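Trainee: Given the sequences, and given the hints that come with them, work out the whole structure.
Chains A and B, in that order, give the protein sequences.
Last residue of the first sequence: 967 in my numbering, with the numbers rising by one and none dropped.
Last residue of the second sequence: 393 in my numbering, with the numbers rising by one and none dropped.
Everything labelled a hint here was simulated from the structure, so no lab data went into it.
Please read all numbers here as calculations on a predicted model, not as lab measurements.
Even for Gly, the Cβ is constructed at its ideal location relative to N, Cα and C.
Facing chain A, a subset of chain B residues (Cβ under 10 Å, in silico): (1) A5; (2) D10; (3) L73; (4) A260; (5) L270; (6) T288; (7) A289; (8) L290; (9) L295; (10) V315; (11) L316; (12) Q384; (13) I385; (14) K388; (15) I390; (16) L391.
Result set (BS3-like, lysine-lysine): computed pairs, CA atoms no more than 30 Å apart in a straight line: (17) K388/B <-> K239/B; (18) K392/B <-> K938/A; (19) K239/B <-> K111/B; (20) K392/B <-> K371/B; (21) K263/B <-> K894/A; (22) K392/B <-> K602/A; (23) K938/A <-> K602/A; (24) K239/B <-> K392/B; (25) K894/A <-> K8/B; (26) K614/A <-> K392/B; (27) K142/B <-> K233/B; (28) K142/B <-> K388/B; (29) K392/B <-> K233/B; (30) K263/B <-> K371/B; (31) K142/B <-> K239/B; (32) K117/B <-> K239/B; (33) K111/B <-> K142/B; (34) K388/B <-> K371/B; (35) K142/B <-> K371/B; (36) K848/A <-> K392/B; (37) K848/A <-> K388/B; (38) K233/B <-> K111/B; (39) K263/B <-> K8/B; (40) K233/B <-> K117/B.
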Amino acid sequence: MDLELSDEQKLLADTVNDLLEKRYDPNARLRLLESEDGWSREMWRQYAELGLLGLTIEEQFGGAGMGITELNIVMEGIGAALVLEPFLATVVLGAGLVAAAGSAAQQAALLPGVAAGETLLAFAHTEAGSRWSLTDIASAAVPSGDAWTLTGEKIAVLGGNGADHLVVTARMPDGPLGLFLVDANSAGVTRNAYAMQDGLRGADVLFTDAPAVPLASGGDALATIEAVLDVAIAALCAEAVGAMDRMLWLTVDYLKTRVQFGHPIAVFQALQHRAADMYVSLEQARSMALVARLAVESDDVKQRRKFVRAAKLQVDLAARHVAHEAVQLHGGIGMTMEYPVGHYLKRTAVIARTFADAATLTELVGADGGIVPVS
Amino acid sequence: MDLALSKEDRAFAEEMRTFFTTEVPADIRDRLARGRHPTPEDVVTSQRILDDHGLAVPHWPVEWGGRDWTPLQRHLWSEEMTRAHVPHPIAFNTAMVGPVIATFGSQELKQRFLQKTASAEIWWAQGFSEPNAGSDLASLKTAAVRDGDDYVVNGQKTWTTYAQYGDWIFCLVRTDSTAQQQRGISFLLIDLRAAGVSVRPIHLIDGGYEVNEVFFDNVRVPADQLVGEENKGWTYAKFLLGNERTGNAGVGMIKNRIARIKRLGADVLERDALLRARLTRLEVEATALEMSVLRVLAREASLPAGVPDPVSSVLKLRGSELQQDASELLVDVLGPAALPYRESHTAADGFSAPPEGAVDAMPTYFNWRKASIYAGSNEVQRQIIAKAILKF
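Mentor: So, in structure tokens, the structure goes:
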């Protein structure tokens, strides 16, 4: 059993945390949040320089060829600082899908740009009627000669506002789910950009006979999408743990400094015990983020899916507990836009409803025998 | 958690599983699997078999029967034992008094007690709690006064588990009433059959009998039954409690209870989505707990023996809650069949036999409320987290 980080991995964590500590304090973040783009191109360049954007991209395409452990180290830092840049959308989802499904030529065309910080990607999948389903998709892809066109409406596309290329799910004529690359600036693509509830930027995207290119062979892409989403879910678990960790310690520090009734309110056992319970939730979530990481590395697809889902369920419920308590124990200040803790609540609330919610995850993990074998 | 285990770890677990399921009699394991308590004979039989194969006290010094195992191997040994429904060695012997004697006792005490403690030839009871010393253990009052070659002991212990089967009791006693609370306490070994010792049962809400009050009325205890130095008993007690970093999580027990819920409740769970959801969340949380245990074990290698890891409080706190949730969920899966109080599954003439679990589900649910009270109540655990980790 080896659960410890290597020296190189610790160095990566230090590098990420140093940068974010210096450049991403709550005030700087608030200014970004309220800016036109909602995130910082300058930070994006710095991520590229540090090799974070190419972290998981293969070396032949300009990346570092690292795995889920390194990715989760970065994601935990992103969660702790509430990073606004489209890392998940571009690096984890976009580049992840291109790497998993794209031809060598497609990878060579897109991935070096991602690693260099020049290309932004997004995954356009969810539709108004699809809820959390991966297969309940109405958007349709139609072949015309050698080319394809795509028609449909996608919602809540993370990073969809600024992406250069969209990776889009669409139904193919004979039924299977296809993955397509669409140039986001081509005719037939209309974007309605907005901020999500947590401040990250997104868009609804309307495709009207938009020119599209199948990723690789263009066969049924469901298994590939599932594999990439499992990585993304494991990454989200790490991000949520980073956010929960910061929420806990913000709260603990606040209790020690806020004076009422002549004492720091940290002297009150009622509050100490609630903070202790937050710590328990955090530790359990941290353990499951680790389970998700190990599961993603597993060759057994069924095991991988089950444990990744279980991890997200645990992390989502724990994050809800920690976030609600963090705001409550802060009192009024926790409700203000100017103070950071409420922003952590918002990010974790969105994470808890990204890719799947707790009810769905409970159903899915429970189906098919659950986790503990009967004998 | 196969995901986290190396090939060697898994092979070790498999080796343990094979031993437990082939060497310990099936009738004993079957009783436990069906929710019955092991009889005292079951416990002793099982511990003798383990001891004969050098598997009763792996965490002891090698010289006294221990194995040079890693914390993870010791954990797998314990988990596989639980999963195989093998009665564990008497904890008071192997987890508590044994390591204290082996670490702090005189050579004479080691030779006199350790082998018999490992083989369950002696059944030990624990004399820590008193009527007015529960969570605040250091306020204990039972006094041992030196008189020639003896101590004369007077006072009362309580919540003494299985004292009715016990041969000996290890006690925290006050040997200096003038010193500050923790400083005047000593660790004394007392023969439960000595004159002046009496044991009185405490009946619990589940209808069972597992704990006692133990009274000491001018009991003469030879002074060579003092462990270590006089007035150092608190240090030894802390060592004893600090050795228990992961066992209180009870992951194996929780898994056994979940497996049994699935086995006995398959039809109900198929129909009832809410029960199914409760079960799933319990399983997921148990998986998290198991990984939390493994994380503590991974860290344990770098901690000296007897030094508590405050993260252990997370394991005890959440572990006891999940054990309780599992015991309650079995009741809800059984439904009305769980309601009658029954001594056995035997049906009256002409009536059908009640389902498995009907005898034990509700009493176990009641009984297991103890898990958040004993071994440092969960409020004490929250306090440890608040002080040692959050630094309040």
